[in-house]
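One letter stands for each residue in the lines below.
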Amino acid sequence: MSGDGQISAEAAHGLHLLREMVRIRRLEERCIELYSAAEIRGFLHVYIGEEAVAVGAMQALTAEDNVVGTYREHGHALARGIPARRILAEMLGRVEGCSRGRGGSMHLFDAAARFYGGNGIVAALLPLAAGLGLAERMQGGSRVTACFFGEGAVAEGEFHETMNLAALWRLPVVFLCENNRYAMGTALERSESQTDLALKAASYAMPAWAVDGMDVEAVEAAVREQVAIVRGGGGPCFLEARTYRFRAHSMYDPDLYRTKEEIARWRERDPIDAQAARLRERGALDDAALAALEAEVAAELDDAVAFARAAPLEPVEDLERFVVTEAAAR
Amino acid sequence: MSGDGQISAEAAHGLHLLREMVRIRRLEERCIELYSAAEIRGFLHVYIGEEAVAVGAMQALTAEDNVVGTYREHGHALARGIPARRILAEMLGRVEGCSRGRGGSMHLFDAAARFYGGNGIVAALLPLAAGLGLAERMQGGSRVTACFFGEGAVAEGEFHETMNLAALWRLPVVFLCENNRYAMGTALERSESQTDLALKAASYAMPAWAVDGMDVEAVEAAVREQVAIVRGGGGPCFLEARTYRFRAHSMYDPDLYRTKEEIARWRERDPIDAQAARLRERGALDDAALAALEAEVAAELDDAVAFARAAPLEPVEDLERFVVTEAAAR
Amino acid sequence: MTETAPAATATMSFRAALREALRDALRADERVFLLGEDVGRYGGSFGVSRGLLDEFGPERIRDTPLSESGFVGAGIGAALGGMRPIVEVMTVNFSMLAFDQIVNTAASLSHMSGGQFHVPLVVRMTTGGGRQLAAQHSHSFEGWYAHVPGLRVLAPATIDDARWMLAPALADPDPVVIFEHGSLYGWEAAEPGPGPVDLERAAIRRAGTDVTLIGSSQSVHVALAAAEALAADGISAEVVDLRVLRPLDTATILGSVARTHRAVVVDEGWRSVGLSAEVAARIAEEAFYELDAPVARVCTAEVPLPYAKHLEDAALPQPERVVAAVRAMEAGA
Amino acid sequence: MTETAPAATATMSFRAALREALRDALRADERVFLLGEDVGRYGGSFGVSRGLLDEFGPERIRDTPLSESGFVGAGIGAALGGMRPIVEVMTVNFSMLAFDQIVNTAASLSHMSGGQFHVPLVVRMTTGGGRQLAAQHSHSFEGWYAHVPGLRVLAPATIDDARWMLAPALADPDPVVIFEHGSLYGWEAAEPGPGPVDLERAAIRRAGTDVTLIGSSQSVHVALAAAEALAADGISAEVVDLRVLRPLDTATILGSVARTHRAVVVDEGWRSVGLSAEVAARIAEEAFYELDAPVARVCTAEVPLPYAKHLEDAALPQPERVVAAVRAMEAGA
Ligand SMILES: Cc1ncc(C[n+]2csc(CCOP(=O)(O)OP(=O)(O)O)c2C)c(N)n1
Ligand SMILES: Cc1ncc(C[n+]2csc(CCOP(=O)(O)OP(=O)(O)O)c2C)c(N)n1
Ligand SMILES: [Mg+2]
Ligand SMILES: [Mg+2]
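Chains as they are written, first to last, in our numbering: chain R, 29 to 358; chain U, 29 to 358; chain G, 9 to 341; chain P, 9 to 341.
Mixed in with the good hints, there may be bad ones.
[What the hints assert, rightly or not] These stretches of chain G come out as covered by chain P in the derived footprint (C-beta under 8 Å, 3 or more residues):
no.: 1; stretch: 41-51
no.: 2; stretch: 58-65
no.: 3; stretch: 130-144
no.: 4; stretch: 169-178
no.: 5; stretch: 292-306
no.: 6; stretch: 310-323
[Said to hold, decoys possible] Some residues of chain U that are not near chain P, with every Cβ distance over 10 Å (derived):
no.: 7; residue: 39
no.: 8; residue: 64
no.: 9; residue: 87
no.: 10; residue: 125
no.: 11; residue: 146
no.: 12; residue: 252
no.: 13; residue: 253
no.: 14; residue: 275
no.: 15; residue: 335
no.: 16; residue: 340
no.: 17; residue: 358
Calculated directly from the structure, the hints in this document are not laboratory data.
All C-beta atoms in this analysis are idealised placements derived from N, C-alpha and C, irrespective of residue type, glycine included.
Please put together the full structure from these sequences, using the hints given.
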């Protein structure tokens, strides 16, 4: 806290970053509980440990920009501004869910937030992001499309087709590769002959570098820099955010492919703890403030869970709606 | 001619290279005539101008090695030792054709020559070549698989998936990229953001370099070097052979996308003329020898055309043969 | 069908009709653009887009690298982003490389997002055999697209449909796939009428009373030739052109069968689990008590199409095989 | 079907039966190896290959990068090169990324080369819905594979078939695709018999006299549950398990229909242009004069499968819908 009880803009922003990460962490902890209670079903992929990437990156975007994500997108959805109520209602299969219960955990969507999923086929979202960029370029707009994907996607042909198209056509897209070192149980070094991912992007003549994905402020700074290049007409950029998932790939995963020690080592670098420590060092956070923040988040989530549980189901008669666009939406 | 009337091994080999290129050139000139006479139908893609690549490369392979090619593979088939008779019979749709008339120009096959096509889907042959390499590695053999493909394939995802798999698993494959600067009407610089193709291979940590694809001896030397690396257990290699097709993409192509001057400039570098000039300079070729060579090739092709024309058609009742393996071949 | 010189009365080729439709669309709406391999400088691998680059420039007649999944996906994204892309995939055979994008993304997005996102994308592709292009360039996979909820699937068989189907396809807020048969491009016939055409109904191309022949695309022409031959024998065949492969216009099919009591489905796809199966099954389900004989199917032999002409001809549905199927039906009844 | 604790009599799960089949094959022939995403260290995304890495090592239980087209194609090449690869593609949904390789290369190579090359490849993949995995992980595209000449397509529905289909599939010199329904993995039932099973014939899983219910994979269990419910009402239903989706064993189907004179096809694929259409069309073509009523189909609703359980349940074929179809048929007759 600064001497006069006012907090600086910098401190306020640092706290905002912390709060956003805590919101994601606690949301997903609730998800795990709800999954254990069989209220959420299907595949559930949590982002715990990686929150700094989505939170840092979202700071660099405006409400007009586009966001495209994978099946591990709860954090991105929340950080993008989709209310926890609608996210949880979705996972509970309710009509008030952000995809009316039709998508579930892997397919969160929100047109108002320009949040284009929630995509379950690894790497298939990359061409889509390029296309959003192409539309923007052809329409002469200034929107940037932020495309999040895991390092596992780099082995898919679509990654390469997209990098080339985006670079060739100088599309306004930031490719944010969340390198959490594993694709399900497959470590990067067992799936790529060359593990320096920025080199791949460079082979498309695209600006590319890596950032510490456990440091939310570093991520924000890097994405701001890339967004500035892209919005300035410099063509697409590629950022590798080096991070780690603390939990198993999904609720089905027995997590047999890595050691407890490795996980513990990375947990020491928990992005939330790191940001909290930094804020304390700056005098912007103390125990009481942290407890208050946690309490606010808990209240938000209590409300969201209650909302989701109380929300109605889509009537079964409406099963075939939305397969094609309804007249009203035309 | 050397002083004592004997020609040196080096000169003999140089002449062999020339003869192989001339055989391909004249074969394809016949194909064009036969196409104009409507004896060959479908798509016909000729290799005229690029002969040095297939001829140079084949020298570096043994009969036990595998060869995989594209729909522009007449030259590879002939240089690999498939008789002109069987190639032409195939294009005339005869049962004596190297694919019994079922494949045509784009799908020449020969199990005895370990010639795996004749593949019509751009880039789809690359994973197949990797798989042949994988089989070899797992069986502890020493065969190398030579995989020929155009520079257009580099934009396809399968190229990248294959480069990674081959490098990751250190498969004994030589990837021979025939960069003739165009994929149909699309020039490389309009389809790749980064036109230095060896850079792509390097991003998979694979030895890669370029060679003058109009110089048959340079190609042979480069492929020998790569085959030695590969056979020695050094993993796969990538060679970009810089070449040019003198004719249109196929018989359907109006060739509107490049200038006559550009074509003329490249024709000055005709690989056959260049090799002939080199041999003359070395005293290994004179007008009489060249005329004799041409006469021999013409005789071979006269015979092959006659053979193909006389060859029988597969009986219509046999249409459904070979869809699955016949009992006799099991 | 071979390209013939224009006759005295005004004619137009199928290819030119498709091109005029593209030109109209590009003129009418600046959100419309064409992208695909060699659509620009080359003029389109089958010549459909020749000349459009000069009129509309390289941004709107956009050549792509060989990246089917990439540029079809880019089309999906561009449609989401407010454009009206027309993606040309050279042939349906190569479209398998982009099948994931079309099935798992384009067709699913609207439902999966609870109706929030729409993909007003048109994908055009060449289909069909008969040109000795062998097993990797000749197949007819329309039936696979017709299986997918969320897609509309069109197959023009006439100059009018080639000329007028594109505009309503572009007006559709959901993805539409249009199949152009390679053997029809050079076909020249009377100039199209003024349009528009509707995208809901099958069309009766020839009226008849004894048997209904049902086909789409090039198979309509096979059926028409068969009907002509049958007429010489005093058998009156009605020919139904499906036009819209998804959603199928069952009513028109059933209406015809209710008059003729016999049906033959002609399809260039393979028989097993193909489009022909659905048409036959629907008739047998919904007009069971109308039928005087089981529905017959004349399809492509179940082989990867061979190059040699005599073998390819034997594999593809020919008018004679349709005639034989009708005769067998009459004999059996 | 849920994983249940082993009962007093010896039982085996569907998953374990598949695993034992893999183990046998790997032990019997050193040319056999398994490759795919996460088959090794992870233990298989659905746990089928768990433990095999320890026994056979990383060369033969080969984890791949996420490159479906690449590693399926590598399987094709390895098969050509003398190996007997088993490729695991996690789900049929993702197999669209490798569809070109399977359709245009694996299935075509033998014919296109005039019988010179053979692709003794086995591709295994998970299929089906019912686990709330939504529109990109739940679909049943078996019918697309069953359309392709050159492929053999298998769908085990019993512990015996899960245990014994792999060996003859590996012995087949041509490509074989095996579909494993995700909802069956955890199902536990009596230990399999001694094998072998044949790969030619459909199987009658329950004898009956009044109606034939035809399904494959998980739909067999839906049909069996429906037959049980119908029996309580005095209707005797015969249940045919297709087992082999290509080539279809029409004789067994027709034999059953010749006895019962009524048929309902149960299929988890979408109805239009799906596997169900072919089965229905064949019955109507070849047993037309045997049928007392039109063939009925109970399929998945034509929607990309939704996540919410009540919607997914409503979309999938359920025993009640099969029962209702049979009742409607009885009422109509
Ligand atoms: C095309 C495709 N193949 C396989 C899968 C199954 N799968 C889901 S997530 C995943 C791992 C992806 O890893 P990565 O891209 O690193 O993202 P992460 O899960 O680590 O965030 C796999 C293999 C899929 N969804 N799509
Ligand atoms: C997947 C796929 N897309 C498109 C085509 C159509 N096509 C045939 S050859 C070709 C150009 C390929 O160019 P390149 O790889 O450079 O080889 P080149 O023809 O120059 O030898 C194209 C686009 C195809 N056969 N396969
Ligand atoms: Mg990862
Ligand atoms: Mg080229």
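Tested hints:
Note: the stretch 41-51 of chain G has 0 residues with beta-carbon separation from chain P under 8 Å; the three-residue rule is not met and the coverage is violated. Coverage of the stretch 58-65 of chain G by chain P is violated in this model, with 0 residues showing a Cβ closer than 8 Å to a Cβ of that chain against a need of three. Three residues within the 8 Å Cβ limit are the bar, and the stretch 130-144 of chain G against chain P gives 3, so the coverage statement holds. Interface restraint, the stretch 169-178 of chain G with chain P: violated (0 residues with C-beta to C-beta distance below 8 Å; minimum three).
For the stretch 292-306 of chain G, the stated coverage by chain P is satisfied: 10 residues place a CB nearer than 8 Å to a CB of that chain, which reaches the threshold of 3. Closer than 8 Å: that is the beta-carbon criterion, and the stretch 310-323 of chain G has 4 residues meeting it against chain P, so the requirement of 3 holds. For residue 39(U), the shortest C-beta to C-beta distance to chain P comes to about 37 Å, beyond the 10 Å cut-off, and the non-interface label holds. Listed as outside the interface, residue 64(U) is consistent with that label: its C-beta sits roughly 26 Å from the nearest C-beta of chain P, beyond the 10 Å cut-off.
Every C-beta of chain P lies more than 10 Å from that of residue 87(U), the closest at about 23 Å, which supports listing it as non-interface. For residue 125(U), the condition that its CB be more than 10 Å from all CB atoms of chain P is violated, with the nearest at approximately 7 Å. Distance to chain P contradicts residue 146(U) as a non-interface residue, since its nearest Cβ pair spans about 8 Å, not more than 10 Å. No beta-carbon of chain P comes within 10 Å of the beta-carbon of residue 252(U); the shortest separation is about 23 Å.
Interface exclusion of residue 253(U) from chain P stands, the closest Cβ pair being 24 Å apart, more than 10 Å. For residue 275(U), the shortest C-beta to C-beta distance to chain P comes to about 25 Å, beyond the 10 Å cut-off, and the non-interface label holds. A cut-off of 10 Å between C-beta atoms confirms that residue 335(U) is not in contact with chain P; the least separation is 17 Å. The beta carbon of residue 340(U) sits about 14 Å from the closest Cβ of chain P, which is more than 10 Å, so the claim that it is off the interface holds.
With a least beta-carbon separation of about 5 Å from chain P, residue 358(U) fails to lie farther than 10 Å from that chain, contradicting its non-interface assignment.
In summary, the numbered hints that this structure violates are 1, 2, 4, 10, 11, 17.
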